[in-house]
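Engineer: For the sequence shown, counting from 1, position 29 maps to 38 in this note's numbering; every step adds exactly one.
For the record, the hints were derived by calculation from the structure and aren't laboratory data.
There could be a bad hint or two in this list.
Computed beta-carbon distance windows for the label pairs [to be verified]:
{"#": "1", "residue 1": "237", "residue 2": "443", "range": "48 to 54 Å"}
{"#": "2", "residue 1": "286", "residue 2": "470", "range": "43 to 49 Å"}
{"#": "3", "residue 1": "224", "residue 2": "141", "range": "32 to 38 Å"}
{"#": "4", "residue 1": "274", "residue 2": "224", "range": "32 to 38 Å"}
No residue lacks a Cβ here, since even glycine has one placed at the ideal position from N, Cα and C.
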Amino acid sequence: MTYQETPYQKTNIVDANGNVINSFGGSGTSGDASATNQATQIQLETAIRDRLPAALVNGRLPTDGSGVTQPVSATALPLPNGAATDLTLQQVKAALLAQINLASTVWTDNSGAFYVRRDLINEGTGAITVTFTDPSGNSATPGAGLRPLASVDKDTITDFYDVITGGTGYSVGDLLSRIAVLDVNNTNSPSATFIWLNLTAGTILSSTPTPANIERANENIGSRQVGSWAVTANLGITDAANLSNLSNAIGTPITGAAMPTGGVGWIGWLSAIWKLISDRVPILTVVGDALKITGAVTVSGPTLTSIDNKTPLLGANNAANSTPVTLANDGVFITSFGSTSDTAAASDTAVASFASLFRRLLGQFTSLLLLIGIVRDRLMPPGTLVPYLASNGANLKTSAGSFYAFTCTNANASIRYFQIFNKASVPTTNDVPITYFPVYGNNGFLLIGQDILGGAGIDSTILTNGVAWGISTTAATYTAATASEHSVTVRYS
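With these hints in hand, go ahead and build the complete structure from the sequences.
Structural biologist: Right under this line is the structure:
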């Protein structure tokens, strides 16, 4: 701020740019020479004189420069162009006071919906404005039970996942975060709320990602294939038309081995092995209470249908090494068995002891090219054996009883379940069994006897209401399977 004096004793107060801020003395735009203005001018000049050094007022300034030192107030110095003035400082202060802080938190209500709460805080007035939006940013009104999603009685667990296949709200390469909010105080009925965030896009997912589309993020540095690679595989051996072309390191083919018609390479040989095994293994199926043998079975010696006609021819009871017997229409009574040193009889018509004859017959009637499994059963109480052909359930007894053993087949490709029920009627949908056993598919066969159930089986202390069984497509409850796909034999009392 400076003083500017006019030629007619009028003083103007101007700013650094020469603009008049205020005036005193004189009147109009140029002032006049009135006594009042002259007195005012004298007072102004006196004030200026009093602020000057004495050396300057009383005479010339010393040449040594000692008279040039004079205190100057910084408030009287002109400001440079662009410097802050009182006005601009007030504007800066107003801008600072008007500054608004933004805080965002996630809330929920009794409906389970999620809301983003935004708190707008005016630093100048202290006023706080609260608004709610849904996860997509649209304005929303929360319902009853509004509360923070994470609070002092809840724990938050965060996991990270990489996107390997795009889906709704995420693309390949995005980083997803699953936030689990656990209610730690509710020990009787703990609960958890899950939120999925796309950290790459900065959005909340509207639904849970498909598990096959994501994989847990690895905190270690590594690489992962995205997409497919074309790779050329170099085989170590040449595809063979027969065994002679295979590498010697694999082995040596048997004499006369050749690839079967239609076969090529490894697949050809593997299918040939399977065909060879399949042609030589009999197939056992249950028909009633008997096992039926199907497939290619070669029998050496007498056929099974002619065993009953193989009556041994005995010599005189006084012949050497002979076995005296008594023949009757209800059986053969043997009085002498012979000795353990007797060799097998040479023929059915030869005179022989019973021991040698038994060795002869045993050699003839057991030379079958099939494997017979013998299951030794324990002693059990008397019971009833009942076969069921093409059935999915039955009631065996309407009062307390015991269940000893069963066999079951399954022609379906899927697994089925043999179930035992404590009830006096045929099982119905959703009945709960006391136990169940899986029967595997594709002509699977299951045999359960006393080795599993014990000598007394499942007795009347458990089956108090009755004895029933069923074949189900589900394990824990009864869902009827297709009857034509199953054959069953049960033993109970």
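Engineer: For each hint, tell me whether it holds in the structure or not.
Structural biologist: A quick look at each hint next to the structure:
1. 237 x 443: 48 to 54 Å: holds, 52 Å
2. 286 x 470: 43 to 49 Å: holds, 47 Å
3. 224 x 141: 32 to 38 Å: Given about 35 Å between the Cβ atoms, the range holds.
4. 274 x 224: 32 to 38 Å: holds, 37 Å
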